[in-house]
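Visitor: Sequence lines, in order, name chains A and B.
For the first sequence, my numbering begins at 1 and goes up steadily by one.
For the second sequence, my numbering begins at 1 and goes up steadily by one.
No lab work stands behind these hints: they were computed from the structure.
Mixed in with the good hints, there may be bad ones.
[Unchecked claim] Which residues of chain B face chain A? A partial, calculated answer using Cβ under 7 Å: (1) V54; (2) L67; (3) A92; (4) R104; (5) E199.
Where is the CB? At the ideal position from N, CA and C, for every residue including glycine.
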Amino acid sequence: MKLHRITALLYRHFCLYKRSFPRVLEIIYWPFVDLVIWGFITLYLQQFKEALPDFVVFFLGALILWDVLFRAQQGITISFLEEIWSRNLMNLFASPLTPGEFLAGTMALSVGKVLVVSCVTVLAAFAFYSFNVFVLGLSLIPFVLNLIIMGWCIGVLTTGLIMRYGQEVEVLAWGLVFLFQPISCVFYPMSVLPGWLQAVAQFNPAAHVFEGMRAVIATGVFPLHELAWAVGLNAFYLVLLIAWFHRMFAACKDKGLLVRVGE
Amino acid sequence: MTEAIVQVQNLTKRFGTFTAVDGISFEIRRGEILGLLGPNGAGKTTTIQMLLGVVTPTGGTIQMFGLPFDRHREDILGQVNFSSTYVSMPQALTVEENLRVIARLYGMNKIESRIDEIVKQMEMEEFRTKVTRKLSSGQMTRLSLAKAFLTEPKVLFLDEPTGSLDPDIADKTRSLIKDIRRSSGLTVLYTSHNMREMEEMSDRIIFLQRGRIVAEGTSESIKAVYGETDLEEVFLKLARDQSVKMSRP
Numbered sequence: 001m002k003l004h005r006i007t008a009l010l011y012r013h014f015c016l017y018k019r020s021f022p023r024v025l026e027i028i029y030w031p032f033v034d035l036v037i038w039g040f041i042t043l044y045l046q047q048f049k050e051a052l053p054d055f056v057v058f059f060l061g062a063l064i065l066w067d068v069l070f071r072a073q074q075g076i077t078i079s080f081l082e083e084i085w086s087r088n089l090m091n092l093f094a095s096p097l098t099p100g101e102f103l104a105g106t107m108a109l110s111v112g113k114v115l116v117v118s119c120v121t122v123l124a125a126f127a128f129y130s131f132n133v134f135v136l137g138l139s140l141i142p143f144v145l146n147l148i149i150m151g152w153c154i155g156v157l158t159t160g161l162i163m164r165y166g167q168e169v170e171v172l173a174w175g176l177v178f179l180f181q182p183i184s185c186v187f188y189p190m191s192v193l194p195g196w197l198q199a200v201a202q203f204n205p206a207a208h209v210f211e212g213m214r215a216v217i218a219t220g221v222f223p224l225h226e227l228a229w230a231v232g233l234n235a236f237y238l239v240l241l242i243a244w245f246h247r248m249f250a251a252c253k254d255k256g257l258l259v260r261v262g263e
Numbered sequence: 001m002t003e004a005i006v007q008v009q010n011l012t013k014r015f016g017t018f019t020a021v022d023g024i025s026f027e028i029r030r031g032e033i034l035g036l037l038g039p040n041g042a043g044k045t046t047t048i049q050m051l052l053g054v055v056t057p058t059g060g061t062i063q064m065f066g067l068p069f070d071r072h073r074e075d076i077l078g079q080v081n082f083s084s085t086y087v088s089m090p091q092a093l094t095v096e097e098n099l100r101v102i103a104r105l106y107g108m109n110k111i112e113s114r115i116d117e118i119v120k121q122m123e124m125e126e127f128r129t130k131v132t133r134k135l136s137s138g139q140m141t142r143l144s145l146a147k148a149f150l151t152e153p154k155v156l157f158l159d160e161p162t163g164s165l166d167p168d169i170a171d172k173t174r175s176l177i178k179d180i181r182r183s184s185g186l187t188v189l190y191t192s193h194n195m196r197e198m199e200e201m202s203d204r205i206i207f208l209q210r211g212r213i214v215a216e217g218t219s220e221s222i223k224a225v226y227g228e229t230d231l232e233e234v235f236l237k238l239a240r241d242q243s244v245k246m247s248r249p
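Make the full structure from the sequences, and use the hints.
Guide: Here it is, written out as structure tokens:
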């Protein structure tokens with residue numbers, strides 16, 4: 001793993017974004033729109049706050065954290081798509097760059113995107129609803145880190161599928177992550193799911209993060225067991241998916257797909 | 001005899017039931033320019049893609065600098081580069097930004113002075129700050145070549161490198177390749193559909209057809225074997241002959 005190759009990828013995307021206002025807007029626009037729409041719904045529902053205390057914190061906190069996961073995933077997948085769209089994959093993979101370095105570069109880029117998005121959503125939440133996400137305290141740090149890693153996992157999965165099946169499945173870059181949203185229990189507790197779906201959600205790291213977030217808000221106690229589940233599952237999935245990505249990469253080279261993807 | 005820098009043994013690539021490259025063997029010696037000739041679909045590009053590690057061979061071995069490619073990919077690719085009319089570069093980046101990315105990927109030192117040097121060599125001063133999507137096809141080809149020369153490779157794979165260049169720039173490019181070869185012992189694998197260019201550039205030529213080597217030697221010896229005075233006539237004869245026999249003058 002060579003740092004200069006990873007920074008080369010970061011530099012390439014920095015140059016791309018600094019000159020592309022639509023791309024920058026895409027990062028900021030959707031989280032902002034999401035926040036405004038859900039924020040006003042939340043304000044409306046707050047009228048029933050006796051039935052559901054801390055409503056605003058529940059929803060807006062969840063919304064901001066969901067965007068962390070979503071942008072971490074997009075950071076990886078969209079970077080790969082940018083290389084397909086510019087027919088640049090051969091320049092990258094006929095250089096000494098390894099698939100592991102490529103993933104590391106896109107992961108680092110996704111952290112940058114998460115930082116930008118988080119600044120926008122945190123500031124907007126404060127400006128529009130006087131909501132301070134930092135009421136979650138230090139627990140915010142492990143929550144965010146786990147959501148970033150979960151986003152990476154979905155990003156690696158999506159990228160591997162696009163690499164293997166080509167631009168026909170490009171739509172997965174935006175869609176696949178939402179398959180995980182219902183079982184991430186972003187806006188409701190896991191207990192509202194039917195029993196069989198709760199069993200599935202138990203194996204989703206994001207569900208433990210959002211359960212943990214609600215526990216912090218409701219009781220002020222940091223649920224270590226939820227964090228342990230999230231960390232354990234994330235570590236398992238990340239190792240598994242990186243190994244799978246390398247196998248997909250090798251399969252694509254074998255089938256000649258790496259040089260044909262995007263044609 | 002000069003040492004072999006690239007050694008290919010029984011290289012084969014099958015995509016399902018289709019055999020793109022069928023057990024070819026050849027060597028390229030240090031400082032040699034080897035021309036790879038053949039009709040469309042003969043296996044030239046697949047061969048180069050295997051030599052660059054972006055397509056995995058079904059069989060056979062590739063060695064460069066005496067090292068097996070499959071076990072020393074990073075070491076080898078750090079000393080190799082390529083230019084192809086079929087590969088683009090990020091369109092939203094300027095010419096020099098694209099070169100900077102490549103320089104960083106290859107871990108080069110003194111990046112800026114090397115970019116200045118290559119921009120001057122390739123006569124790209126007037127469009128070095130231009131966004132790549134605004135380049136003409138000739139300028140794009142020059143960028144692709146600049147990218148290939150930038151990293152000072154020991155082995156260069158050039159897939160139809162002068163395809164969209166005007167005769168003046170194409171001639172300068174050929175001279176540049178020959179100059180670099182003279183000064184640094186650059187080893188080149190070269191494909192082109194321009195027979196005159198092939199004769200001018202290549203020390204030896206390999207003719208591929210349906211994934212197999214059907215003729216190999218200097219352009220003079222190949223012409224002599226096929227009783228032609230023009231390489232283009234040999235090309236047409238070989239490309240159109242369905243039952244062509246292998247000839248290694």
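Visitor: Hints first: check each against the structure and report whether it holds.
Guide: Results for each hint:
Given hint, B/V54 at the interface with chain A, holds; its Cβ is 5 Å from that chain's nearest Cβ, closer than 7 Å. Interface restraint check for B/L67: the shortest CB-CB distance to chain A comes to about 13 Å, outside 7 Å, so the restraint is violated. For B/A92, the interface hint holds, the least distance from its beta-carbon to any beta-carbon of chain A being 5 Å, beneath 7 Å. Residue-level restraint check for B/R104 holds (minimum Cβ-Cβ distance to chain A is 3 Å; threshold 7 Å).
For B/E199, the interface hint is violated, since its Cβ never comes within 7 Å of a Cβ in chain A; the closest pair sits about 28 Å apart.
The structure is inconsistent with the numbered hints 2, 5, although it conforms to all the rest.
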